[in-house]
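K.L.:
Just so you know, the sequences run in chain order A and B. Residues in the first sequence are numbered consecutively from 883, following this note's numbering. Residues in the second sequence are numbered consecutively from 98, following this note's numbering.
Derived pair list, reagent style DSBU-like, types lysine-lysine, alpha-carbon separation capped at 35 Å:
#, chain 1, residue 1, chain 2, residue 2
1, A, K1004, B, K188
2, A, K926, B, K384
3, B, K179, A, K925
It is worth saying that the hints were derived from the structure and are not from the lab.
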Amino acid sequence: MNSGLFLAIAGAAIAVSLAGTGSAKGIGFVATAAAGAMSEDPKKFGKFILLVALPGTQGIYGFVMGFLTLQKIGLVTGQLVSLTLWQGLEVLFMNLPIAIAGLFSAIHQGKVCAAGVNLISKQEGEMGKALVMGVLVEFYAVLGLLVSIFIWMFLTF
Amino acid sequence: MLTYSPEFVENSEYAYAVARIRALETKLIDGAGYNSLITAPMDRFHPLFTEITGIRNNGSPDVHLLLKNLEESFTGHLYMIKSFILEDEIKRLISLEYDYELLKFIIKEEKFQNISIPYELSSRSNYSYPVLRSMLDFGHVLDTGEIMYNAYLSLKNTKVLTGNIIDNECDYSYYTELFQILFEYNNAFVTDFFVRKVDIRNIRTTLRLKIRGEKRTSIRDRFLPFGSIDIKFLEQGFDHNLEGFAAMIVFSPFSMILRNVDKKGDEENQVVQAEKLLEEDLVQYLKESIFVTFGIEPVLAYLWVKEVEVKNLRIILQAKAAGILPEEIKRYVRGLYG
Chain A
883 MNSGLFLAIA
893 GAAIAVSLAG
903 TGSAKGIGFV
913 ATAAAGAMSE
923 DPKKFGKFIL
933 LVALPGTQGI
943 YGFVMGFLTL
953 QKIGLVTGQL
963 VSLTLWQGLE
973 VLFMNLPIAI
983 AGLFSAIHQG
993 KVCAAGVNLI
1003 SKQEGEMGKA
1013 LVMGVLVEFY
1023 AVLGLLVSIF
1033 IWMFLTF
Chain B
98 MLTYSPEFVE
108 NSEYAYAVAR
118 IRALETKLID
128 GAGYNSLITA
138 PMDRFHPLFT
148 EITGIRNNGS
158 PDVHLLLKNL
168 EESFTGHLYM
178 IKSFILEDEI
188 KRLISLEYDY
198 ELLKFIIKEE
208 KFQNISIPYE
218 LSSRSNYSYP
228 VLRSMLDFGH
238 VLDTGEIMYN
248 AYLSLKNTKV
258 LTGNIIDNEC
268 DYSYYTELFQ
278 ILFEYNNAFV
288 TDFFVRKVDI
298 RNIRTTLRLK
308 IRGEKRTSIR
318 DRFLPFGSID
328 IKFLEQGFDH
338 NLEGFAAMIV
348 FSPFSMILRN
358 VDKKGDEENQ
368 VVQAEKLLEE
378 DLVQYLKESI
388 FVTFGIEPVL
398 AYLWVKEVEV
408 KNLRIILQAK
418 AAGILPEEIK
428 RYVRGLYG
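Next comes chain B alone, as it looks inside the complex (with noise of 0.2 Å):
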């Protein structure tokens, strides 16, 4: 029948979701409002930050208690971008790093004690954490999946166990694992996201291993094989300063990124705003949703985005209870659309 055809209806489930969606993204907090955040003296902050995020905090200036309340908000976020999304590989995909981040948890626990697991990351994941925990130690294979299981159980086995080894191995299993859905997938959105999300990864990782006086072997043990730069391109360009290092990639968008630092600060000061800037590379790339009148690429856009400023959030709240400056601040905070 003509009409039910799949390209004739083209995604029209969507329709709910991504008007939900572009009605969200007006409340998403601009430039503006970080400003405004970033600048309030100490006694109007508390206020001020209720009503630009509408996170509430009855009143108590408890700086833990807004943070819980943030994580709780945006676990809210997650759980409806999850009822939007009809395909399960991708529901699935968007709690998957979560998966992981609470794997880690429980192999630190099992190796190191006293290691509380966050509540959120638990509630945020595919499974939370007594059913992983459960799961990974009755060996059900089949629900955990192939690679999360074989993750723990290489981890479990290994003698001599740093939280850096950990963290390694269960990124790599994480993004091994991502990679394959995103195969079975076939979002060409989706899927050039994760890619770049890999690039900006292994060029921060090697930018601060240099910076950290480290080995250029070290990259290895670090270094994802999901993106779009070769591993050697930046062996070649771990020796040189960002214009070199820009130079080696020269085939890659995040080079011109690079070449745009500004020079002036010491190597710490440039590696940190290079991170500021891909990281809003990144976010324009998810601008580019707005092409999308029907699909799942404006749901994911907003739900990133709005993980990019939930990060904000928490630097802003941590950063001020602190007492740090302002301007300093503004280095770490990164940009967003609307």
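Chain A extracted, bound-state conformation (with noise of 0.2 Å):
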């Protein structure tokens, strides 16, 4: 194998694992503070599930990224294209927008959301805005989504 599909390899690999990570650490944050409020009132279950699965989307997000470069250099087809070392610095880089954006808004995004737990939990009503503060955590993941995606639309071989 040489250095460029290395890199390019490592960078599918980068853009799973932090954004996954970043899932994993906001839903477990988020998911916490739910099991809490639910041992006083676990009729709340229907109203918490969906802030809970709010901060899941940048491990997708991360999936989808490292799928699609996987794609790109041929490995899902068993096609290997042949990159120089600068090629797959380029896919390295393009990983990284998703990467790094999931992790940090992920965990961020879990802290909003089992905040928003503690607002249901007291005011009942109030689920649309504990929604839409999460939701506002989101789009930089989205952003950071959508970079990686053009420069992947638009890098050739």
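Reconstruct the complex from the two isolated chains, following the hints.
P.N.:
What follows is the structure, encoded as structure tokens:
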């Protein structure tokens, strides 16, 4: 395997692992809070589940980008392309926006959603507001994914 | 590693506890609940009490049984809060008050005999009555801590001992140890709460001494030097009426509260009203914990607010049993946040 291909595969791995770590951390955070609130009022599960699931999207974005990268370098079809060192670096950097934005935004989204759980625990009718605040953090993960996808679209070997 | 740096995680360990506390806060009794209890006719009071507080009495109208169940319920809350807290020193801090209350009973038992130790006090303490008693008897200073053991020795060796001397010495030692823990733990919210509590206690003591007709110098025997108000201001205000007293501590936020006391009633009534307003201000201070999303502050604030709730229910139960008029009961019930 040449060094270009090595860097491209490393890029896919970074996108999936960093965004996935962020999601796991974020979900862990909000799910812990939801468990605390539900131990007093289990009927609120339906209200909490959306908030618990919200930080999970970054992990999916990372997975999508990782898959697109593997498809680009031919690993999915079994027809590996030959990449120079610079091309490998381009693929690696292509994955960084979603990897980094995914990691940070998922953790912070977890915190916002956990605070949303606290809000719903006290004010049951405010679920919409709690959800909107969580979605605002999501926006920056989406931007990271979009930039990664734009680079993927215009990158040719 | 980035995701494991403390500032990045930011007390996430308290996510479960705070969410549970927020859910529990909705169950705190509000003003309407208190009003219903206070104004309820006696034949409706017990079922209503069970309905509002969730404390069962198996249909028995026995007030003592209700009080016992109420205390048991609070002990349960105390255990729950302790289980949420991760820092050992704060777990100790929560029960420290009961340790020193237990110490008071142990010394009074030695000196005056025939003193019964309340079971709930023993169970809320860090030690329990038999354990603390044997530790003090056998001089286990490392287990009790130097401050408590020294207080015990000092009181044990005092020849003329009254209940007041025991209470004052134990309270002083309690606050000394408490502020030592707070100094090490360094949490502004918790420390400020206790500074305010000491200030309120010092103000209340001064006002009470005044209406009892005691001398100004008696403030020195009871003053706790851990608050933000120096003893000289309390002494200067001792000879004045409530308005004048408030003027002497004008630098303190409690000055404005004292000024708001209705001056129509006699001095005793004014002091009762001042005590209520001061304690309500402390509860208002605890309300600020809503700005902490994850941390120990909301957990401790809930415990202290629950303590006020139990105190209110205790007052209502005893007052209703004694047939005291609703308007009179309301004077002693403290406001809560929900």
